[in-house]
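A.B. asks: Here are the chains, one letter per residue:
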Amino acid sequence: MNTHRTPTPRARLGRVLLTTLAVLTALAFLLPVLWLIASTFRTSTQTFADSGSIGWHTLWPRDFTLDNLASAWDNGFARNLANSVIVAAVTVVAGIGISALAAFSLAVIDFPGRKLVFGLVVLSFLVPFEAIAIPLARTFSDWNLTNTITALVLPGLGNGLAVFILRQFFLGIPGELVEAARMDGAGWLRIFARIHLPLARPALIGTGLILFLFQWQAYLWPILVTTNDRDDLAPVSIAKTFNAFSTDYGRVFAETAVLAVIPAIILLALQRHFVTSIASTGSKD
Amino acid sequence: MSPTPATSDTTRTTSGPSAPRRRLARGTPDQTRRRRRTLRDATTAALFLLPALILIAVLRLVPVVQAASDATHSSLPGSALPPQWVGLDNFTALWHSDTFWTSVQQTLLFNVIVNPLQIAIALALAVLLTQNLPASGLWRTLVFLPAAVPMTGSAVVWGIGLRPDGPVNAVLGTVGIDQQPFLTSPHQVIASLILIASWIGVGYWMIFLIAGLNDIPQVYYEAARVDGAGPLRRFWSITLPQLRRPLLFVLVADTVSNFVLFAPIQILTNGGPERRTSFLMYDIFHNSFELADPHTAAAELLVLLALMIAIVAVQFRLLGEAEDR
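Residue numbers (numbering that gives the first Met the number 0), protein chains in the order written: chain A, 0 to 284; chain B, 0 to 324.
It should be emphasised that the hints constitute simulated quantities derived from the structure, not laboratory data. Just so it is clear, CB atoms sit at the ideal spot from N, CA and C, and this is done for glycine as well. Fair warning: there could be bad hints in the mix.
To be verified - Just some of the chain A residues that point at chain B, by a computed CB distance under 7 Å:
| id | residue |
| --- | --- |
| 1 | 117 |
| 2 | 215 |
| 3 | 216 |
| 4 | 266 |
| 5 | 268 |
Unchecked claim - Which stretches of chain A does chain B cover? Using the computed rule of at least three CB atoms under 8 Å from a CB of chain B, they are:
| id | stretch |
| --- | --- |
| 6 | 17-27 |
| 7 | 32-40 |
| 8 | 46-52 |
| 9 | 126-139 |
| 10 | 229-243 |
| 11 | 252-264 |
The following block holds chain A by itself, in its conformation from the complex:
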């Protein structure tokens, strides 16, 4: 194998250059986040004083303060954050269940019209939710769902991409396993729970991440179905703070930083899994 051959000096230089490029690119994507975190721990006067000219202190506060975080807390941001976490958690759990069941029957059980149903699911995904959010909000208001957790969670549950990814993964599970289990008299639900779910762990992580990101990113739908500040999701509350206090950005930075740090921790924890999971299942046919 040529992986064992000793690299030529030229090849080694190439790898050093590529690694440098990768590090620089990653840092370029990270810079705004670093600036955001630095600005969370300083007054906004200092933020602008130290950002007007670039220096070490653009990314590292001269004087650390927790005032911005305290201000966010005092203004009830914790409640909005809790709303977001609850909505995201319910969505991930219920969404995985619904998508996995659907994907299982589309991949494993043989029934007439399977292709058609699968096409319907994929096409529904091609229509992005935001495009129909405005008329749907009118319907939800007629159904008295305004200001409910149900209204906030529902759109996140119907995710065609999640079904697609899980089906793709289930298709890769050998049919002999299913046949053997059926011979032993196992029902479909048992096969699903004992064979497919445990084997699909990487795909489930990827799916969970996609469902989570959908809700964590949501903005248009929450402003359509929520009418009081207490029930607002965290991103909506940030936008409101931004528009209301356009001279003091400290609180905006603090709130955004909290919303950025939570997924960052999740991503770093799942680092090894998430790339391979979305990765190995997302886009094959």
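Dock chain B against the given chain A, drawing on the hints supplied.
C.D. replies: Then chain B, alone, in the frame of chain A:
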């Protein structure tokens, strides 16, 4: 084999000339069992699919029907009278509306630039981060991170960052470029939004392309190397053709998501300056709520849907043809 009572298994005990006739008349118990099994399977499949199908009906079908109904009715803002059927009047009104055509034009302009740009960068990053470099996973995660920051947060941070006294202008200042207005200039606002949207989106699409790259069998590259093909040649002759499906998926998904981009516009530009960022999605929201005209908004929304579907169809055609060649 376990000794089963002969009566429990009729096929095995039946013999003689009567058997074929019976098979013709009622089917063997084997076939009956298979048919019953198929029926039971179909029922199970339906039960498993039910929650997803109900959601699709509620979340996709209902709103399209609602939009179609809204678009073909009209009422005076604030009027208590029930909306009146007006047929296609709302669409004709759109056709003659300058603001609508500005929105179409700006939406197309934004998308024609942003989608190829994002996919090209995502592809370059995907190729770079699949070269077995040290700590690749970490660099991937960092590039992906902006996709996990809520878009409102990203919009707000970039909005502040792009201010005249913000850090971006400070960086430009160090290389001797004058202060730029970015989001408040009609000539720079689209480019600024492209920058923000790409910072958010590129890492997300990169992950799907990394997936596709990992699926390309290494033997192709080995063989090409033996034949003396250089890196560029390998990229054009192996990577790109092998990556067609993931590329199609990412291109379609990216396009539909950029067509409905909303949060940064509502938060940062409100459609301005000079209506340059009054993209269809924002204009629909604006008509529906700020102008309290859900009927015009619904008509515009159906146009947006049609436009999106057309673009998706064209992309499928283009990539399909490329595959035939």
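A.B. asks: May I ask which of the numbered hints given earlier this structure violates, with the numbers listed in increasing order?
C.D. replies: 1, 5
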